[in-house]
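K.L.:
Below, each chain spelled out in residue letters.
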Amino acid sequence: MSQLITDTGPSPSGVSDEVDAKKSKTGALIRTLRTGAPVLPFLAYVSLGLLLPTIAIINLAFRSNAGRVTLANMKVILCTSNSSTCLQYRVGFENSLKLALVTSIVPGILGTLLAYAIATSEHQLFKRLTAACSGVLAQFGGVNLAFMFIASFSAVGGVATHWLADVGLNPWDHGFNLYKFWGVAFVYMYFQVPLMVLIITPAFAGLKQSWREAAENLGASSWRYWRHVGLPVLAPAVLGGMFLLFGSGFSAYATAEALTTGTIAITPIQIGAILQGNVLSGEANLGYALGFAMIVILLISVIGYALLRRRTSRWLR
Amino acid sequence: MASLELGYVIEGDQDFMDQYSRGNPSIAWIRRVHWGRGLVLFLAAAYFFVPFYAAMQFCLEDINGHFSLQTLTQIAQAPGFFSALWLSTQLAIATMAIVMILMVPTMIYVHLRLPRFRRVMEVITILPIVIPPIVLIVGVDGVTPQFLKSSQYLLALIYVVLAMPYVYRSLDAGLGALDLKTLVEAARSLGSGWFSIIWRVLVPNLRSALLSASVLTLALVFGEFTIASLDGWTTIPVWIYLTPTTNPRINTLVAMMALLGTCVVLGLVVSFDRSHRHSRRS
Amino acid sequence: MDTQSPPTATTTATAPKSGAPVVLENLTRRFGTTKALDGFTLHIEPGEFVALLGPSGCGKTTALRVLAGFERPDIGKVVVDGQDVVHIPAQKRDMGMVFQSYSLFPNMSARDNVAFGLQLRHQRGAKRRARAEELLELVGLAEHSAKYPHQLSGGQQQRVALARALAIEPRVLLLDEPLSALDAKVRAELRDQIRALQQRLMITTVFVTHDQEEALSMADRVCVMSRGRAEQIATPAELYSRPSTEFVAQFVGISSRVNVVRTGDTVALFGRDVKIRGAAPDGAESLDALLRPEDVDVVVNPTGLGIITHKSFLGATTRLEVGIGGAAVKADILSSGADVFELGTRVDLVANARDVLVSASRPAT
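Protein chains in written order, with the numbering used here: chain A, 1 to 317; chain B, 318 to 599; chain C, 600 to 964.
Keep in mind that the hints were calculated from the coordinates and are not lab data. Even glycine gets a Cβ: it sits at the ideal position worked out from N, Cα and C. Wrong hints could be hidden among the right ones.
Claimed, not checked - Not everything, but these chain A residues come out facing chain B in the computed CB check (under 7 Å):
hint : residue
1    : Y45
2    : A258
3    : P268
4    : V302
Unchecked claim - Okay, the calculated bits of chain A under chain B, using three or more residues with CB under 8 Å as the criterion:
hint : region
5    : 28-40
6    : 53-67
7    : 131-144
8    : 289-297
Said to hold, decoys possible - Derived pair list, reagent style DSBU-like, types lysine-lysine, alpha-carbon separation capped at 35 Å:
hint : chain 1 : residue 1 : chain 2 : residue 2
9    : B       : K498      : A       : K25
10   : C       : K929      : C       : K910
11   : A       : K75       : B       : K498
12   : C       : K784      : C       : K910
13   : C       : K634      : C       : K726
14   : C       : K726      : C       : K691
15   : B       : K466      : A       : K180
16   : A       : K75       : A       : K180
17   : C       : K676      : C       : K634
Just need the whole structure built from these sequences, with the hints factored in.
P.N.:
Here it is as structure tokens:
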């Protein structure tokens, strides 16, 4: 009713203008709440299940046992003092980073080569099969994968070890150890390589035929095409994939734990040890500090992937 | 299973599966067959199949090295196997139920009324890469009240968070393929209430998306080790790892069966998805 | 594009290499059970601009790709400048090709794209950059030389592609429907620019298109193709006014069909005997004459056999459609004299063509 009056003539007084303005602001607020209400359960769950623990980690990483804000935890895990008590954490980080680098660069290159070998096949069925395989193998991991490798490559009972020993190529005789760093890296390849194949295959599909033909037409040999066009165009995609693989290799826990029974010194295993109470007293909040450090490193790798993906999509779409 | 989270990011990105399998003409320039290609493929095949075959042989032979299904029968008698299986099953059902009840109505609503919120949801589902299970469990342990810690369903609640990215991707694709607005309006004009709409109209049309989401959740729960072991619960993966048995072949066989199960189930999802996508296109 | 500046020293230096004669002889290429090329033969003079025109699937692109070296013919020869190049790989054929779209290397700037061919030929950095800039100026994109392909419009990309193809001073320039992916206005502009450039450089050019307007306006000669064969190879004017086969008559320009009766080597067309062009089809029970709108004059006659059913103002001409004896004949008249013709006016048609193409009647659909 009041709407009709204000529409057809000047408002009776300035006061009711203000009231109307306030009413529309609260009205807008109510409307937003009403439209937003149905997603509240989801948001609440995510806040409780994901954000809250993350905030706890960020918070407690910087608090002492007494609750005061301190950098002591971070100092311990970074072990700037080089004392023997804290060295294990820095070594853990170094090993983790080394493992992540190795299992991102090597599978990155191998995965790219494999994807190229698959992409250049002329058999559609083969391509479809390998696509499905990659999708499945990339999900392998954890305890199951570890046990599969133990059963096949362990020093004494490993079936594959026996096969290789029969032809005189027993890997254990040549320095291979499934339960140490390089053995773990060897096992990680099982899911890292398919993951890279999954990531990089669309990039190969995005390499346009006309680029290749234009290069040939202008006089380029196969090698020169790859050198000047093919590889530079693929590079952001390959690098981006490696960033993602880095994150995957860095944060893996179950596979390493099951394979080495927790003996390998990498950060996830060390976090696991702290959580299981296998630590000296006074280091209670170290777990949070380690977790926080992992989050930071993973954040960097995800950002790296996102930035490179943008470059990739510009050239390969 | 660390790559589980990452795999979905790639798979959801674009229709590469279709492109890949249909043989995009951009790659048609390869005319010559390189022997190098054959070598690469052979080596890859060797690396991926040898351990699998060797492990299967390990499980399926007796002490004399002959083929035997002895180990299979011993699984049933292994201590704690059935309770671990039962626990995993319960958790799987609970996780699937919670995640569906949480995500399905939310995503339907978002697709209908709040399309901009999809962006937010996408970002949220990328978070599990930055906060992997080993890190998440640290935070969860810190904030969970004690009464919850003693219940096994805490695991289910955490698994819901881990499963979110897959469920989001599946449902997002499934909902995107429907003409949601029209379906809902038609149902409403016929007098259907909201519950009926979801249950009788939308769910049947989302069958394949729901199926793939459930299956991925199932694979996740049955394969999840990190959080279960660090919280002290004996699910199947934990059982495989921790249980000393008279015959190590038993643990390995259960692990191999889990891997085979993953293969079969994911393979079905992938092929089911593809055929559905093809029929939609035609 | 800058058409006012005189040819520079370097452009005249390209003249000796540009005019290579090309012969495609009896090319046959099969893909599975279909014949993409079926005994296709074409002789191209040095410096000539030839368009390959036809509907999709007619083999024009295949012919171009055989010439470029991306396809090998099952039978036939490709002779460039007296040399059979069939066994020479594409890299060594010294031809420049412009593709339909998206052929610029995305990781290089326009300048680097153009300089690529020169880089492969080991030209020094400064020299090849200068040449690239020169070519970009030739196509009117000097200010955009540092831009990347994704920063350029479709038309600009194709101009860069043209500059890139010309940079290597090829013997033959090949264009595979370069304008199809562009919108109409850009297409028209680029059409003129390509033709002007080609005439200046006098480079032998083969241009593939399905758009007859493009082919007729740009080419010295047009080769109309269908099902892997050449239907007719002639100048645009001849192709238009004197199509030698039914396919060409229907594909190029507008034509109307009128049923006629044959006597010897003439047919009776609107009361006049008109000579049959070429050979009449044998054994055909009923014959149709294929007429162009200009082949027919329209005269008002209250007792005439024709009646005007359509009238379209086209600018200088007006197109009338006349229903006569069961056929619909399109006739063009000058708009200045169009007032006397209205819908329903009775008219007579008079054939003014010297000869007429005749083909077997099609059954009524």
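K.L.:
Can you tell me if the region 53-67 of chain A counts as covered by chain B, using C-beta to C-beta distances under 8 Å and a minimum of three residues?
P.N.:
With 6 residues closer than 8 Å to chain B, the region 53-67 of chain A meets the three-residue bar; holds.
K.L.:
Between the alpha carbons of K466(B) and K180(A), is the straight-line distance 35 Å or under?
P.N.:
34 Å, holds
K.L.:
Does K691(C) lie within 35 Å of K726(C) when you go C-alpha to C-alpha?
P.N.:
Holds - the C-alpha atoms of K691(C) and K726(C) are around 22 Å apart, at most 35 Å.
K.L.:
Does the CB of Y45(A) sit less than 7 Å away from some CB of chain B?
P.N.:
Status holds, d = 6 Å.
K.L.:
Given the hint that K634(C) pairs with K726(C), test it: the Cα-Cα distance must not exceed 35 Å.
P.N.:
Not OK: K634(C) and K726(C) at ~46 Å, beyond 35 Å, violated.
K.L.:
Are the Cα atoms of K75(A) and K498(B) separated by 35 Å or less?
P.N.:
This hinted pair is violated, its Cα atoms lying about 56 Å apart.
K.L.:
Does P268(A) pass the interface check with chain B, least Cβ-Cβ distance below 7 Å?
P.N.:
4 Å, holds
K.L.:
Assess, step by step, whether the Cα of K75(A) is no farther than 35 Å from the Cα of K180(A), and give holds or violated.
P.N.:
28 Å, holds
K.L.:
Less than 7 Å between beta-carbons is the criterion; does A258(A) satisfy it with respect to chain B?
P.N.:
Holds: closest Cβ of chain B sits about 5 Å from A258(A), inside 7 Å.
K.L.:
Taking 8 Å as the C-beta cutoff, is the stated coverage of the region 28-40 of chain A by chain B satisfied by three or more residues?
P.N.:
holds (count 4)
K.L.:
Is it true that the CA of K784(C) sits at most 35 Å from the CA of K910(C)?
P.N.:
27 Å, holds
K.L.:
Please count how many residues of the region 131-144 of chain A have a CB within 8 Å of a CB from chain B and say whether that reaches 3.
P.N.:
As far as the region 131-144 of chain A goes, the hint holds, because 13 residues have Cβ atoms under 8 Å from chain B.
Going through the hint list in order, the structure does not satisfy hints 11, 13.
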